[in-house]
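Colleague: Using the hints provided, position chain B relative to the given structure of chain A.
2 protein chains.
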Amino acid sequence: MELSSRITNITGGGSDGWGVFYKARRMIDAGINVTELTIGEHDIRTAPDILRAMYDAASGGHTGYAEVPGTASLRRAVAARIAERTGVPTTADNVLITPGGQAALFAAHMAACNPGDTALFVDPYYATYPGTIRGVGAMPKPIVTAPDTNFEPTADAINAAAPGAKSLLINTPNNPTGVVYSDTTLGAIAKTCQDHDLWLISDEVYDTQVWQGTHTSPRALPDMADRTLVVGSMSKSHAMTGSRVGWICGPEAAINHLITLATHTTYGVPGYIQDAAEFALGQGIEVEEAVAAPFRRRRDLTIDALAGQNAVRAVPAQGAMYVMLDIRATGLSGDTFANALLDAEHIAVMPGESFGQAAAGHVRVAMTIDDDAYIAALNRLIQFAQTQIK
Amino acid sequence: MELSSRITNITGGGSDGWGVFYKARRMIDAGINVTELTIGEHDIRTAPDILRAMYDAASGGHTGYAEVPGTASLRRAVAARIAERTGVPTTADNVLITPGGQAALFAAHMAACNPGDTALFVDPYYATYPGTIRGVGAMPKPIVTAPDTNFEPTADAINAAAPGAKSLLINTPNNPTGVVYSDTTLGAIAKTCQDHDLWLISDEVYDTQVWQGTHTSPRALPDMADRTLVVGSMSKSHAMTGSRVGWICGPEAAINHLITLATHTTYGVPGYIQDAAEFALGQGIEVEEAVAAPFRRRRDLTIDALAGQNAVRAVPAQGAMYVMLDIRATGLSGDTFANALLDAEHIAVMPGESFGQAAAGHVRVAMTIDDDAYIAALNRLIQFAQTQIK
Numbered sequence: 001m002e003l004s005s006r007i008t009n010i011t012g013g014g015s016d017g018w019g020v021f022y023k024a025r026r027m028i029d030a031g032i033n034v035t036e037l038t039i040g041e042h043d044i045r046t047a048p049d050i051l052r053a054m055y056d057a058a059s060g061g062h063t064g065y066a067e068v069p070g071t072a073s074l075r076r077a078v079a080a081r082i083a084e085r086t087g088v089p090t091t092a093d094n095v096l097i098t099p100g101g102q103a104a105l106f107a108a109h110m111a112a113c114n115p116g117d118t119a120l121f122v123d124p125y126y127a128t129y130p131g132t133i134r135g136v137g138a139m140p141k142p143i144v145t146a147p148d149t150n151f152e153p154t155a156d157a158i159n160a161a162a163p164g165a166k167s168l169l170i171n172t173p174n175n176p177t178g179v180v181y182s183d184t185t186l187g188a189i190a191k192t193c194q195d196h197d198l199w200l201i202s203d204e205v206y207d208t209q210v211w212q213g214t215h216t217s218p219r220a221l222p223d224m225a226d227r228t229l230v231v232g233s234m235s236k237s238h239a240m241t242g243s244r245v246g247w248i249c250g251p252e253a254a255i256n257h258l259i260t261l262a263t264h265t266t267y268g269v270p271g272y273i274q275d276a277a278e279f280a281l282g283q284g285i286e287v288e289e290a291v292a293a294p295f296r297r298r299r300d301l302t303i304d305a306l307a308g309q310n311a312v313r314a315v316p317a318q319g320a321m322y323v324m325l326d327i328r329a330t331g332l333s334g335d336t337f338a339n340a341l342l343d344a345e346h347i348a349v350m351p352g353e354s355f356g357q358a359a360a361g362h363v364r365v366a367m368t369i370d371d372d373a374y375i376a377a378l379n380r381l382i383q384f385a386q387t388q389i390k
Numbered sequence: 001m002e003l004s005s006r007i008t009n010i011t012g013g014g015s016d017g018w019g020v021f022y023k024a025r026r027m028i029d030a031g032i033n034v035t036e037l038t039i040g041e042h043d044i045r046t047a048p049d050i051l052r053a054m055y056d057a058a059s060g061g062h063t064g065y066a067e068v069p070g071t072a073s074l075r076r077a078v079a080a081r082i083a084e085r086t087g088v089p090t091t092a093d094n095v096l097i098t099p100g101g102q103a104a105l106f107a108a109h110m111a112a113c114n115p116g117d118t119a120l121f122v123d124p125y126y127a128t129y130p131g132t133i134r135g136v137g138a139m140p141k142p143i144v145t146a147p148d149t150n151f152e153p154t155a156d157a158i159n160a161a162a163p164g165a166k167s168l169l170i171n172t173p174n175n176p177t178g179v180v181y182s183d184t185t186l187g188a189i190a191k192t193c194q195d196h197d198l199w200l201i202s203d204e205v206y207d208t209q210v211w212q213g214t215h216t217s218p219r220a221l222p223d224m225a226d227r228t229l230v231v232g233s234m235s236k237s238h239a240m241t242g243s244r245v246g247w248i249c250g251p252e253a254a255i256n257h258l259i260t261l262a263t264h265t266t267y268g269v270p271g272y273i274q275d276a277a278e279f280a281l282g283q284g285i286e287v288e289e290a291v292a293a294p295f296r297r298r299r300d301l302t303i304d305a306l307a308g309q310n311a312v313r314a315v316p317a318q319g320a321m322y323v324m325l326d327i328r329a330t331g332l333s334g335d336t337f338a339n340a341l342l343d344a345e346h347i348a349v350m351p352g353e354s355f356g357q358a359a360a361g362h363v364r365v366a367m368t369i370d371d372d373a374y375i376a377a378l379n380r381l382i383q384f385a386q387t388q389i390k
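Each protein sequence line maps, in turn, to chains A and B.
Here the numbering used here is used: the first residue of the first sequence is 1, the next is one more, and so on.
Here the numbering used here is used: the first residue of the second sequence is 1, the next is one more, and so on.
Isolated chain A, as found in the complex:
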């Protein structure tokens, strides 16, 4: 039986660049002790008090169909948080609760793009971006960045890509690069969206993980609130990755249609999970800072470890739970380096090429294991890189 070309083409037919990841998994299954620095997931679990709040909500009877747009109180809590942190007037009517950030990314592109439309994204990119765009039947078009601009898109590159496109997807703080977009970059993005009548889809799921500078939500830039769909999530901010709860924040008219879409795609998010999310948000920013603290600490340790050598250079690690390491001094591709490192040192990192062409000659290191093991692995990676220089 034939399947739709839309679904069979989601991966674009190419290698997905996750060969090192699966090779590491096979080695682990074979009993080999591999240090895994591949996955964007905390080395802590969801906090017990959040889980207890969830259980109390479920035991209290919140187990039936929840309101499809999200519970009124969680929508209000998310709106209040966004209004407070960005200064943009935001109400519950601007918020749709979604089963995770990925569902929000998909829904936002469903809203912005018809089949055949062109949707822009920035290379390097989070693994699902081009497939999400293909999944809605649109055409993914990368804006390729370069290491010498710290992987931020330039005004020229954005403008060159924009004619005829319907949407632009950005992610700051950025996975995989750890870069936080400057106000200059965000200004250029906003201008292009206005000049070319683009929807801006702004993935801000790492907004609580900023180590240097400040995160600006582009929805707060002049005249951008009406054309921006912000994707948020409890995953990274509250170590709730598995709970699949996130949101889209945007213009009320768009949210109304996105609620209709949700009725026909997901039919809402478990009520007891929404109650747990509301509880977690109510714990205040201190909880978010505590969840982020290990990555901030390891990022500082990374900079210390890289000092005094030239084999490995860090892309400025301004945010998120990753550092992108430039290993071009070794003469190896990211893919070759990552495979060789896995074979020689049993350390798994992601080749830059897993995230598009722009990050070739780099590897992404997830700072998601405890400090001592992390720094030991990083030091071995540096030593390994030094041995590769001819």
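No lab work stands behind these hints: they were computed from the structure.
Bear in mind that the values here come from a model prediction, so they are computed numbers and not experimental data.
Cβ atoms here follow ideal geometry from the backbone N, Cα and C, with glycine treated the same way.
It cannot be assumed that every hint is accurate.
[As the list claims (entries may be wrong)] Chain A stretches covered by chain B per the calculated footprint, using a threshold of three residues with CB under 8 Å from any CB of chain B:
hint : region
1    : 4-11
2    : 48-58
3    : 63-72
4    : 103-113
5    : 260-266
6    : 270-277
7    : 344-357
[Unchecked claim] Coverage of chain B stretches by chain A, computed from C-beta distances (three or more under 8 Å per stretch; other residues unrestricted):
hint : region
8    : 63-71
9    : 258-270
10   : 341-347
[As the list claims (entries may be wrong)] If the Cβ cut is set under 7 Å, some of the chain B residues that face chain A in the computed set are:
hint : residue
11   : S4
12   : W18
13   : E41
14   : G135
Modeller: Okay, now just chain B, sitting in the frame of chain A:
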């Protein structure tokens, strides 16, 4: 900002037929005591032992990203259940766990249909069906049934609709009619799918609620397993509506692509919910029969209450948590009857017209309140109908 025509057209632009439902909600908000017989949701909550299993799984650490296809053990449990009940060899590779039955319906149509393809469904229908088809960019085409064939589609009607279509969506036991499709009907459906190379999307979420006859999964018919995508759910069988956990069962090649789609649309289902679902399935069929028992009992009470009068006739209530009542003897439309009943008796039922044109002159009654209140309301409905006959 313009939104995609796909998302703005999901509702098809017409009335959604839920006027009575929202009017009842407004009356309740205004303090009026309304008997609500509109919603397909149990009058019990999810069982405490299932919620405890969920909490234990979460507290035990299953709070990170779960495997996108579903946990291996839940996929195996669902496959074993399907194999045992249908006789069709089924493994975990035939199963994708989804965040609820609605997500499964959407994904199945994404897999079967490209934008512009024609997707068949049976009228009367569950409210989201045509919008789900429009949501994937396909064209919904109803197969209109009739009261005198108990709202089962005829071979002629199915064949007439099939040329050029890509998929056929059926639902047995049926919401809204309560009919369980006969083997003759299912045979005609299977033959048409084979003759016209259609995907069969079989929504079987009410498969544990059969009061008369037997439910046959069409995937078990000869040569149908390769072209059938079965939609299942824990919602109705285990009173887990709000937990949003269901599945698609189908050919392994289709499931593999549906896993890729899930990676780009939902990124899986919370692991602790999957563990709770696995626990619930492990409790055996007795638990499912206990959850279904109130509807079986109320269905029998309904037949007793309807005896000895001619104003209201029940469509044979063979399964599911609804009875469809034929009120054409009153000369009123279902919509007029339901509105008048709400005004006069403060009883809310769904007009048949909410579910398409085929069920005009009918109302759907959800048997979802306790027995005494249910029968009292039904008797008042009958008396009201008798007063409407000229």
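Colleague: Would you mind marking each hint as holding or not holding in the structure?
Modeller: Comparing the hints with the structure gives:
no. : hint    : in the structure
1   : 4-11    : holds (count 7)
2   : 48-58   : holds (count 5)
3   : 63-72   : holds (count 4)
4   : 103-113 : holds (count 6)
5   : 260-266 : holds (count 6)
6   : 270-277 : holds (count 4)
7   : 344-357 : violated (count 0)
8   : 63-71   : holds (count 4)
9   : 258-270 : holds (count 11)
10  : 341-347 : violated (count 0)
11  : S4      : 5 Å, holds
12  : W18     : 11 Å, violated
13  : E41     : 5 Å, holds
14  : G135    : 5 Å, holds
When the structure is compared with the earlier hints, violations turn up for hints 7, 10, 12 and for no others.
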